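Undergrad: In case you want the letters, here they are:
2 protein chains.
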Amino acid sequence: MFVKTGRGITMLLVIVMTLAIGLIGCTSETAAPKETTTGAKAAAEVMAGFAGSPTDEYYMCTFYQGADYWKGVFIGFKQAGDALGVKTFYMGCDDGDAAKQVAVFEQIVAKKPKGIALSPTVADAFVEPINKAMEAGIAVSCFASDSPDSKRITWITSDDYRAGGEAADFCAKALGGKGKIGILERPAQNNHAARIDGFEARIKEKYPDMKVVARGQAEGDQTKAASLTSAMIQANPDLALMYCSAGMEGMGAGTAVKEAKTNAKVFCYDADPAVIDMVKDGTILACMHPNTVNQGFWSMMALMTYNKGIINPISDWKQAGRSPIFPMMNNGLDIVTKDNGDAFYVK
Amino acid sequence: MFVKTGRGITMLLVIVMTLAIGLIGCTSETAAPKETTTGAKAAAEVMAGFAGSPTDEYYMCTFYQGADYWKGVFIGFKQAGDALGVKTFYMGCDDGDAAKQVAVFEQIVAKKPKGIALSPTVADAFVEPINKAMEAGIAVSCFASDSPDSKRITWITSDDYRAGGEAADFCAKALGGKGKIGILERPAQNNHAARIDGFEARIKEKYPDMKVVARGQAEGDQTKAASLTSAMIQANPDLALMYCSAGMEGMGAGTAVKEAKTNAKVFCYDADPAVIDMVKDGTILACMHPNTVNQGFWSMMALMTYNKGIINPISDWKQAGRSPIFPMMNNGLDIVTKDNGDAFYVK
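From first to last, the protein sequence lines are chains F and L.
In terms of UniProt numbering, the first sequence opens at residue 1 and continues consecutively.
In terms of UniProt numbering, the second sequence opens at residue 1 and continues consecutively.
Worth flagging that the hints you see were computed from the coordinates, not collected in a lab.
Wrong hints could be hidden among the right ones.
A pair holds if it fits inside one copy or across any two, identical chains being indistinguishable in the list.
Claimed, not checked - List time: in silico DSS-like cross-link candidates among lysine-lysine, alpha-carbon distance up to 27 Å:
1) 114 with 308
2) 211 with 151
3) 206 with 173
4) 173 with 151
Quick caveat: nothing in here was measured; it's all calculated off a predicted structure.
Throw the hints in and build the complete structure from the sequences for me.
TA: Given below as structure tokens:
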């Protein structure tokens, strides 16, 4: 019944009619539930229905490929790949250069894999490469960063705006709901901007005695982050919190606060091992971390589900050239503290 | 390697160490990609890893069980269940009464199924029943509506606020960006409130020549919706749009506009067959519809993934008593028009 055909809607009518019969008489308290499958299928059929073939290859493609963040994502990608019985590989470029990552992506495409989970360093640079891969029958999904104007089947990410709000609640609790705040941000990066926007919106809404008094941009440079923080503390000796949109900024701020011997607390994002070390020794109060394992796991599940063609939404997705599966998944976030820090090391 | 243990973190260290070895030397342009699985597994192992057992039973539980909306959800639930090789059943109560739905839910729990996908009619009424089921080893996920204070593993839903914004863009295009608007709403229902809020926010942000001039509550009563609409047209003969948060309201508004012989257009939500009929005959301009098939499909996938214990996020989920999988999934939305209406019938 789930054979992929060019006429999904016609197939659906058959399913719908079968279902309609199944639903008739299925009342609540009185009738016994109606079994609407024809019984579970034989193992071989199930394999055909969902699991992959042992020769199927799936790739994960990143930039700054050695960064700790991706290791957690690949753990989840591989967990799903192993469970589905397919091979999983990891490739990326060594820096954030878009042309270099496109070259790696095209190397992967040339291998004709079944699917690619991609975190594009620049959205626009990947529109054509992704579309070409999709047209060649290679499924592409995005995770972490996105290429929304491409034909990628879905996007799996964290809700950074929401994270900012939760970070504000956490910090407010730690500060007793009052105090001056310094911010280190990267406004050009969408996800970083959302971390700041969500934080500021929540402060404005719920914490009238907390106030942002200084902000700066360290551009991912730990030393610069430290000197910006030192200047902020000099101008505001009673600074209560440094809120930083990334780990490098958080580490720099932590070092500066320690040197200044003030009571300011530091909150940042992305639990790289060096950040966790500083959370554990108290230099950084806490760190918000995307659930990277879920990010990778559901990237693989999305690719496989798309490839198997087992979901037939009643919609115009084929005519409209859109994906048949979910449009976006929120992979969730955790707050890493001294108490739970050990669980987040990925070395 | 994915055997469920009480010490997920310890297991992870093994995985992490294996992975670390796999990642070393995996550079971009020069080196060949490192195969990080030990090869795909034999069929029997894959079955053990992901697919269900043929005797496993999964239930979907709703209220107003005969409503068309659920039929699409169950199609997706069954598609996933069939692919995974488990039995799927549908039960619900006949009206929106919370006590009656709780009774049906408890009937299902007594059958000791592997999992239940639940759309609770009242969030609070289900906190204890859900928690009891989870403690008894029966996985529960929510879809459409939620019970956020319970221990349900996840929530699969539409982003109604975002839908409201997309509806505003669609209506603005149809009206040439200007005109008076009447609203029929149900402010007590969270998802309906979001449909209105998202719409109004987008109008305010992008369409200065569109203005809400009247609003009313028909409480799901088609006749009341028609008379409210008639009154709005009488007070504003040049009314350009009736924006309605549900299908009953949309059908009532459509009938009233037709009788008044004005040029007002009607936009509503939830593509029940009677609504599609009116979209097709031009009484209703268009209708926003959640992707119900994805809602059901991913409810099953979430339950199965949780039960198999194959995802081990690097986080404090076990200590914190939270779910190991994604916190929320957006199942997507479609705009149903005269052109694509036929694809959305579920009879």
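Undergrad: Next, verify each hint and record whether it holds.
TA: Going through the hints against the structure:
1. 114 with 308: both (11 Å within a copy, 24 Å between copies)
2. 211 with 151: neither (42 Å within a copy, 35 Å between copies)
3. 206 with 173: within (12 Å within a copy, 37 Å between copies)
4. 173 with 151: Between copies only: 24 Å across chains, 43 Å inside a chain, cut-off 27 Å.
When held up to the earlier numbered hints, the structure conflicts with hint 2 and nothing else.
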